[in-house]
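Asker: Same order as they appear, the protein sequences are chains A and B.
The first sequence begins at 1 in this note's numbering and counts up by one.
The second sequence begins at 594 in this note's numbering and counts up by one.
Honestly, I wouldn't trust all of these hints.
What the hints assert, rightly or not - Derived lysine to aspartate or glutamate pairs resembling DMTMM-like cross-links, with alpha carbons at most 20 Å apart:
1. K204/A to E133/A
2. K792/B to D371/A
3. K121/A to D173/A
4. K200/A to E35/A
5. K281/A to D555/A
6. K794/B to D371/A
No lab work stands behind these hints, which were simulated from the structure alone.
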Amino acid sequence: MSALLEIRDLNVHFATPDGEVHAVKDASLTVGESECLGVVGESGSGKSQLFLAAMGLLAPNGRVTGSVRYRGQEILHAPARTLNALRGGAVTMIFQDPLTSLTPHMQVGAQIVEALTLHRKLPREEAEGRAREMLDYVRIPDSARRMRQYPHELSGGMRQRVMIAMATIAGPDLIIADEPTTALDVTVQAQILEILRTLKSDRKTAIVLISHDMGVIAGLATRVQVMQRGAIVETGAVDDIFYAPKTDYTRMLLAAMPRLDEPAPAATATGATLLTVDDLKVSFPVGGGLFAKPQQLRAVDGISFTLRQGETLGVVGESGCGKSTLARAVLQLLPRPAEAGRVVWLGRDLGAAGREEIRGLRRDFQIVFQDPLASLDPRMPIGLSIGEPLRALEPGLPREQGRARVAAMMARVGLEPGWINRYPHELSGGQNQRAGIARAMIVAPKLVVCDEAVSALDVSIQAQIVDLIRQLQADTGLSLLFISHDLAVVRRLSHRVMVLYLGRVVEMADSESLYRAPRHPYTKALLSAVLTPDPRTERARPRTLLTGDLPSPLDSRAQLTFLKSKRIDDPQAEQYRPRLIEVAPGHLVAEHD
Amino acid sequence: MIAILGPGGASAIAAAEGVRGRSLWLDAGRRLARNRAAMASLAILALVALLALFAPLLSRYPYDEIDYNVIACAPDWWPWIAACTAGGSHWFGTDAAGRDLFVRVLYGARVSLAVALVATLVSLLIGVVYGATAGYLGGRIDALMMRLVDILYSLPFIFFVIILMVLFDRNIVLLFVAIGAVEWLTMARIVRGQTLSIKQKEFIEAARAGGVRGRDIILRHVIPNVIGPVVVYVTLTVPGVILTESFLSFLGLGIQEPLTSWGVLIFDGSEQMDAAPWLLLFPALFMTVTLFCFNFIGDGLRDALDPRER
Numbered sequence: 001m002s003a004l005l006e007i008r009d010l011n012v013h014f015a016t017p018d019g020e021v022h023a024v025k026d027a028s029l030t031v032g033e034s035e036c037l038g039v040v041g042e043s044g045s046g047k048s049q050l051f052l053a054a055m056g057l058l059a060p061n062g063r064v065t066g067s068v069r070y071r072g073q074e075i076l077h078a079p080a081r082t083l084n085a086l087r088g089g090a091v092t093m094i095f096q097d098p099l100t101s102l103t104p105h106m107q108v109g110a111q112i113v114e115a116l117t118l119h120r121k122l123p124r125e126e127a128e129g130r131a132r133e134m135l136d137y138v139r140i141p142d143s144a145r146r147m148r149q150y151p152h153e154l155s156g157g158m159r160q161r162v163m164i165a166m167a168t169i170a171g172p173d174l175i176i177a178d179e180p181t182t183a184l185d186v187t188v189q190a191q192i193l194e195i196l197r198t199l200k201s202d203r204k205t206a207i208v209l210i211s212h213d214m215g216v217i218a219g220l221a222t223r224v225q226v227m228q229r230g231a232i233v234e235t236g237a238v239d240d241i242f243y244a245p246k247t248d249y250t251r252m253l254l255a256a257m258p259r260l261d262e263p264a265p266a267a268t269a270t271g272a273t274l275l276t277v278d279d280l281k282v283s284f285p286v287g288g289g290l291f292a293k294p295q296q297l298r299a300v301d302g303i304s305f306t307l308r309q310g311e312t313l314g315v316v317g318e319s320g321c322g323k324s325t326l327a328r329a330v331l332q333l334l335p336r337p338a339e340a341g342r343v344v345w346l347g348r349d350l351g352a353a354g355r356e357e358i359r360g361l362r363r364d365f366q367i368v369f370q371d372p373l374a375s376l377d378p379r380m381p382i383g384l385s386i387g388e389p390l391r392a393l394e395p396g397l398p399r400e401q402g403r404a405r406v407a408a409m410m411a412r413v414g415l416e417p418g419w420i421n422r423y424p425h426e427l428s429g430g431q432n433q434r435a436g437i438a439r440a441m442i443v444a445p446k447l448v449v450c451d452e453a454v455s456a457l458d459v460s461i462q463a464q465i466v467d468l469i470r471q472l473q474a475d476t477g478l479s480l481l482f483i484s485h486d487l488a489v490v491r492r493l494s495h496r497v498m499v500l501y502l503g504r505v506v507e508m509a510d511s512e513s514l515y516r517a518p519r520h521p522y523t524k525a526l527l528s529a530v531l532t533p534d535p536r537t538e539r540a541r542p543r544t545l546l547t548g549d550l551p552s553p554l555d556s557r558a559q560l561t562f563l564k565s566k567r568i569d570d571p572q573a574e575q576y577r578p579r580l581i582e583v584a585p586g587h588l589v590a591e592h593d
Numbered sequence: 594m595i596a597i598l599g600p601g602g603a604s605a606i607a608a609a610e611g612v613r614g615r616s617l618w619l620d621a622g623r624r625l626a627r628n629r630a631a632m633a634s635l636a637i638l639a640l641v642a643l644l645a646l647f648a649p650l651l652s653r654y655p656y657d658e659i660d661y662n663v664i665a666c667a668p669d670w671w672p673w674i675a676a677c678t679a680g681g682s683h684w685f686g687t688d689a690a691g692r693d694l695f696v697r698v699l700y701g702a703r704v705s706l707a708v709a710l711v712a713t714l715v716s717l718l719i720g721v722v723y724g725a726t727a728g729y730l731g732g733r734i735d736a737l738m739m740r741l742v743d744i745l746y747s748l749p750f751i752f753f754v755i756i757l758m759v760l761f762d763r764n765i766v767l768l769f770v771a772i773g774a775v776e777w778l779t780m781a782r783i784v785r786g787q788t789l790s791i792k793q794k795e796f797i798e799a800a801r802a803g804g805v806r807g808r809d810i811i812l813r814h815v816i817p818n819v820i821g822p823v824v825v826y827v828t829l830t831v832p833g834v835i836l837t838e839s840f841l842s843f844l845g846l847g848i849q850e851p852l853t854s855w856g857v858l859i860f861d862g863s864e865q866m867d868a869a870p871w872l873l874l875f876p877a878l879f880m881t882v883t884l885f886c887f888n889f890i891g892d893g894l895r896d897a898l899d900p901r902e903r
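This is chain B alone, in the form it adopts within the complex:
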């Protein structure tokens, strides 16, 4: 007869009182903390975010002050081209209207990061819940929910934004709404597909047999198991959203001068990159570093949420 009480028995129960239960999220947090690339990226992102927040305090130039004495001036430390002598020092130089580029890059960061964050959160929240629900419930409800997604997909995006702008006037919040409303569709499709395959797994049936409610099965079993592809898609969404915003702004549907964003700055910079390369270089550098950080964090999150990874 094999021991039913296993190794230890009562003493082991006593020992277990000391072991606290951990959830997947706690474990994932610890694993993420051990991932150096992800932690460094998180620190850099935090730094960029803080800079953007406190931008007005960091520079004595307002972001929209036009100074005709310093039009398209190189940064004062720039080699080859002499900086302007008039006015004070400009760390990143000035643009064609004589505005300080450093402040403008940081103001641009506000818009770009906010758009990225909001659109991603919206796509995550709505897309994941919607997709998981449709996939889990299946059948007619699934068909109905996904047809709605198809209809929204088929709306021409620009047309949709223009209608929004006409109806509600130009507004930065609307920009977020417009991008978010489109981004969650793909997410919902991805999550639904994953859910359909996870639904077949025995552990879902086991949970149902254990009396777990449908809502809890989705939250506790389905969503944690679709997180891998979701995180990968999110890291692809962030740059996409930042670019969409600059595209809309370029069409005059996004944010308006004198406010700016990284996408707008890069677009403007690219037109003058022969004469004033810094106008392209600095916003592009900020954007690249930020996107790299998002990618590393995404990879770290995906690995951290998979207990099979070490």
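Bound-form chain A, shown alone:
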């Protein structure tokens, strides 16, 4: 195995207003022909900067020393012409956010053709033919039509496929994939990893797979490098790293992975019913204009459930299944009232309550958002942000007491109380999420809705936040509506789990039965998409993959994906509504084929 890329003693420094930051420390590694090297580490461990620096893509305030050789040729500090010939041709990169990596005003076909013709002189027709073949290869259905679409018309998963097609079309030896699946749903993540896997086996392309998630690495990598605070702390074959980790840091990363085989909390909540949602329907007008009538997109389509005191209900589904809309409808945060159905809080119908009444009731139900940085005001010190619900909902509280409660709450969620004057950008993602939790908890609510509260965080931080939430629940007996696209994350917390598909419940059961004996094919598909930090099972496991995207909710046939026998083949037709059948006490499953 000869070395394709060889990095020796690479150091990266950044000049910042706070002094020099040593981002990568003496990193050395090699990537062999057609091997897959996994690089794992938490955010800020320098794993991305290492490869950006190696490819000459460092930010202007960065300084790099060391040696980077591609097939024996030194490329560090090489002239731009040499690098441009290499980048995009022999070595290509895939980034985390496919929307920002694609040019918004160019059709995706043209972008792929451009990536090809920059490196190969080809007639236009032939280049377009190759681009279309490439789109087929990354399993984009209806590739001829997709070629003419713009990036915003594609879903996140489709965009990432386009990125892979662009990265592959010039026939590279090496693809550097930097967190290629982090922004995606688990189901889509599984599909993207599958494409990378075929790329590796069919085309013998070497892949560097950078991720914070051990599960992503497990099925694909042959060797793994673990990075911590800019240094490579452990290197080895994938099985050695996963089954015999040598450093505590690697062990910690492995232990942080949520697993489907850990015990779920037993469904013991017997408290009073706090929340009853009855046949809730929420729709949004989409499209339309001055003359066209807008279509109604039904985001939540007849969902019913109850939540007891001290209970956690996990809500799981892919992006676009209406789970966030459901959360906002329950919390009365939507701009318009629900179309139909009732949300009853402690016997009071929230739909009928006035605005001031709802505002008063917000003491009882709070929310934690997905993106910790976006959900905190960038111009407000976190102490004030945390204390804000207190000032709004308990106006009579003396200042001193308010301050003391903020300090106590901060300590409780693991934040230094002396940090009240810090701004969100001065804290890490995990710390900001702790602040978000503190803000939700400060008024001692009875219900907290966690809307993908851990999805944007590193796996290791996820575990800490989940533990924190669980501890807070044990201490205060609050109820949780825990929303996620990942069944594994929900498992640690949920007493019961509700699986949503296009705004409808397809399965609802207590955790134990749902994970042990899922009934609905969609639940099974979601479960099969969950990654485990176990290379042997990851390599061997056949996947019941959901192919392609979630169908458009505007198409009435979409609802019957799992009940094709009753489907009328007309997108406008009124379709059969699958009923929920109670297969065991408390275990509801939607009708399916």
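Fit chain B to the given chain A structure using the hints.
Answerer: Coordinates of chain B only, in the frame set by chain A:
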């Protein structure tokens, strides 16, 4: 299990008693104080303002005293052209009517600075609150409020001023009102646009979920976050307003002789800049320095109000 009580726990709470909470404004004040260009500009502006206020005490010449012995005299230290011998010394020389230019520049500063200040304050107060409210409330109310702005926009400015003057007689207060009434429109539009984008941010939803009232969300979350473009626009407004005032005065709709302003002085000076360049030079110098100061203060404020800046 990760420690729930975080590093320190109870002792950290005790330590926090010593840390006083600071708001954005306090922080911004400290950051502004560290900005040398802004502080120097503030000092110069204060000096100009004080000079303008105490102008009558600084010179023995009244601003409107015409002295035919010293018509268009150069300052006594002016090279090339000999100063007049009659009368006393004139630091900045005299104008075509023999009035002392130093006093007139300082009297002009009163009018110009006052117009700049009042018009800017009006545009800030009305424009920011109006724009933020329209943007935050959205929907039909927003459409209604912005159509009103459109209507006011479409009024011909000069026509509007003339009507005001005819109805209420010539009055310096009216001048302020007229300029202020026009300046806030653009501000309202800018702020509304910014608010619309900020309204989509999750932290606004978080505040609503936290039970914060609409008015407090606008004051505490929306306005601090639109301040960047607002400050930039204000630094553009100030020179604009000073020029508008001189334009109106030139048309006879603004302030009247013998009162004066920088704009009027510069206009008069520019007509005689071959024979008496000091008539242009001194008011122009004062105005330029003042505008520079406003710009530096604006930049300083914008940076100070952004916690991400250091």
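Asker: Each of the hints needs a verdict: does it hold here or not?
Answerer: Hint check:
With a C-alpha separation of about 18 Å, the suggested pairing of K204/A with E133/A holds against the 20 Å cut-off. A threshold of 20 Å between alpha carbons decides the hint, and for K792/B with D371/A the separation of about 16 Å falls inside it, so the pair holds. With a CA separation close to 19 Å, the supplied pair K121/A and D173/A stays within the 20 Å bound. With a CA separation close to 8 Å, the supplied pair K200/A and E35/A stays within the 20 Å bound.
Under the criterion of a C-alpha separation no larger than 20 Å, the hint pairing K281/A with D555/A is consistent with the structure, at around 17 Å. Between K794/B and D371/A the CA atoms are separated by roughly 10 Å; this keeps the pair inside 20 Å, and the hint holds.
Of the numbered hints given earlier, the model fails none.
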